[in-house]
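Position 294, counted from 1, in the sequence shown is what our numbering calls 294; the numbers after and before it change by one each time, with no gaps.
Treat the hints loosely; a few may be bogus.
[Claimed, not checked] Pairs of lysine-lysine residues, derived as DSS-like cross-links and limited to a Cα-Cα distance of at most 30 Å, are as follows:
(1) 104 to 140
(2) 77 to 111
(3) 77 to 21
(4) 125 to 111
(5) 104 to 125
(6) 271 to 298
(7) 104 to 134
(8) 7 to 104
(9) 271 to 296
(10) 75 to 134
(11) 191 to 125
(12) 104 to 21
(13) 111 to 75
(14) 21 to 75
(15) 7 to 21
(16) 104 to 77
(17) 140 to 77
(18) 75 to 125
(19) 122 to 111
(20) 33 to 111
(21) 33 to 7
(22) 271 to 295
(23) 122 to 33
(24) 104 to 122
(25) 140 to 111
(26) 302 to 271
(27) 134 to 111
(28) 140 to 33
(29) 122 to 7
(30) 125 to 140
(31) 134 to 122
(32) 75 to 33
Hints in this document: simulated from the structure, not taken from any laboratory.
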Amino acid sequence: MAILETKNLTYTYGAGTPFEKTAVENVNLSVEKGAFVGVIGHTGSGKSTLIQMLNGLIRPTSGQVLLNGEDIWAKPKEIRRVRFQVGMVFQYPEYQLFEETVIKDIMFGPKNMGLSDEEALKRAKEAAHFTDLKPELLEKSPFELSGGEKRRAAIAGVIAMDPEVLILDEPAAESARGLFGDAPPAGLDPKGRDVILAQISEYHRQRGNTILLVSHSMEDIGRVADRVLVMNNAHAEMYDETRAVFSRGELLEPMGLRLPQITSIMRRLRKMGLPVSETVLNVDEAVMELLPLLKKRKEEDKNHAI
């Protein structure tokens, strides 16, 4: 059953002006309930505009966004309710933090939904625990946290609203520089990126909510997504299972998209004649493919020596 659908979805910036530009054009998409969808595309491909239409931040120039079969703009005055059902974590979410304490920041969304202070606090604590924010951090100012802790606090604030659909725009990206060119206290190192991706995957596994993850990292998408949407020049170029999309490297590369490094290596090995799959998505899969070949080679060398 589709939880999110788009029908001929189009958005044009500056319509009717010399600066007119169509960012999304005639996109037809159906996202099944419980899916984990990776969204990829080069800069300017339309992916950011698309996801902002999915939760009602931008109203389409034409076409529809359907949530559980209903047009989200059928009742414009109630669009705020859609944003509680389709939660959005923006790129560099640490700059969304503003409350006096971390716990108040996480409670902000649930309280805006009309929940009592008691229920909002309960949800905030659960979300903080889920994103591995230590209890001693909750009464601190958000601005005292490290870069990775800020990122987790911002994600917890959206998770606390328990949205049916969670959209994350580059949640594991390196932290941006400050608004005035000052560097943030700390960015996300590789370990921090892995932690956040693992937490998002665990959230999906436990809750079964639908997730759309926007990322420039094909490696990240390959690790967590079961389907991939490829945006290219305002169009939905591909939408298929992750393995099927990554098997079309010859189509992705002209769009400025590189296959995960491990997938590229395995494709090269296959061209060299080794009997390995060319749709390997991560290192663990590669190890499973290569270990039997290495053992076989070792036995052959041993027999040859004898």
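Here is how each hint holds up against the structure:
Among the hinted pairs, residue 104 with residue 140 is consistent with the structure: their alpha-carbon atoms are about 10 Å apart, no more than 30 Å. Restraint check: the Cα-Cα separation between residue 77 and residue 111 comes to about 19 Å, which is no more than 30 Å; the hinted pair holds. Restraint check for residue 77 and residue 21: the C-alpha separation of about 28 Å stays at or below 30 Å, so the hint holds. Distance restraint check for residue 125 and residue 111: the Cα-Cα separation of roughly 14 Å lies within the 30 Å cut-off, and the hinted pair is therefore satisfied.
Restraint check for residue 104 and residue 125: the C-alpha separation of about 10 Å stays at or below 30 Å, so the hint holds. Straight-line distance between C-alpha atoms of residue 271 and residue 298 comes to about 22 Å, which keeps the hinted pair within the 30 Å bound. Simply put, residue 104 and residue 134 have alpha-carbon atoms about 15 Å apart, close enough for the 30 Å limit, and the pair holds. Proposed proximity of residue 7 and residue 104 is contradicted: the alpha carbons are some 38 Å apart, above 30 Å.
For the suggested pair residue 271 and residue 296, the alpha carbons sit about 19 Å apart, so the restraint of at most 30 Å is met. With a C-alpha separation of about 41 Å, the suggested pair residue 75 and residue 134 falls outside the 30 Å cut-off, and the hint is violated. For a cut-off of 30 Å, the pair hint linking residue 191 to residue 125 stands: about 24 Å separates their Cα positions. Between residue 104 and residue 21 the alpha-carbon distance is near 40 Å, which puts this suggested pair outside the 30 Å criterion.
Our distance criterion of 30 Å between C-alpha atoms is met by residue 111 and residue 75, whose separation comes to about 22 Å. A hinted pair counts as satisfied when its Cα atoms are at most 30 Å apart, and residue 21 with residue 75 qualifies at roughly 27 Å. Simply put, residue 7 and residue 21 have alpha-carbon atoms about 20 Å apart, close enough for the 30 Å limit, and the pair holds. A distance of roughly 27 Å separates the Cα atoms of residue 104 and residue 77; the hinted pair therefore holds under the 30 Å criterion.
For a cut-off of 30 Å, the pair hint linking residue 140 to residue 77 is broken: about 36 Å separates their Cα positions. Distance check on the hinted pair: residue 75 and residue 125 sit about 33 Å apart at the alpha-carbon level, beyond 30 Å; violated. Restraint check: the Cα-Cα separation between residue 122 and residue 111 comes to about 11 Å, which is no more than 30 Å; the hinted pair holds. A C-alpha spacing of about 26 Å is found between residue 33 and residue 111, which places the hinted pair at or below 30 Å, so the restraint holds.
Proximity of residue 33 to residue 7 is assessed by CA-CA distance (about 17 Å); at most 30 Å being required, the pair is judged to hold. Of the pairs offered as hints, the one joining residue 271 and residue 295 holds, with about 21 Å between alpha carbons and a cut-off of 30 Å not exceeded. Proximity of residue 122 to residue 33 is assessed by CA-CA distance (about 26 Å); at most 30 Å being required, the pair is judged to hold. Of the pairs offered as hints, the one joining residue 104 and residue 122 holds, with about 12 Å between alpha carbons and a cut-off of 30 Å not exceeded.
Distance hint between residue 140 and residue 111 is fulfilled; the C-alpha atoms sit about 20 Å from each other, no more than 30 Å. About 26 Å separates the Cα atoms of residue 302 and residue 271, which keeps this hinted pair within 30 Å; it holds. Restraint check: the Cα-Cα separation between residue 134 and residue 111 comes to about 22 Å, which is no more than 30 Å; the hinted pair holds. Among the hinted pairs, residue 140 with residue 33 is inconsistent with the structure: their alpha-carbon atoms are about 37 Å apart, more than 30 Å.
With a CA separation close to 38 Å, the supplied pair residue 122 and residue 7 exceeds the 30 Å bound. Simply put, residue 125 and residue 140 have alpha-carbon atoms about 14 Å apart, close enough for the 30 Å limit, and the pair holds. Using a Cα cut-off of 30 Å, the hinted pair residue 134 and residue 122 holds, with the two alpha carbons roughly 15 Å apart. Between residue 75 and residue 33, the direct Cα distance comes to roughly 23 Å. Compliance with the 30 Å bound is thereby established for this hinted pair.
Checked against the numbered hints above, the structure violates hints 8, 10, 12, 17, 18, 28 and 29; every other hint is satisfied.
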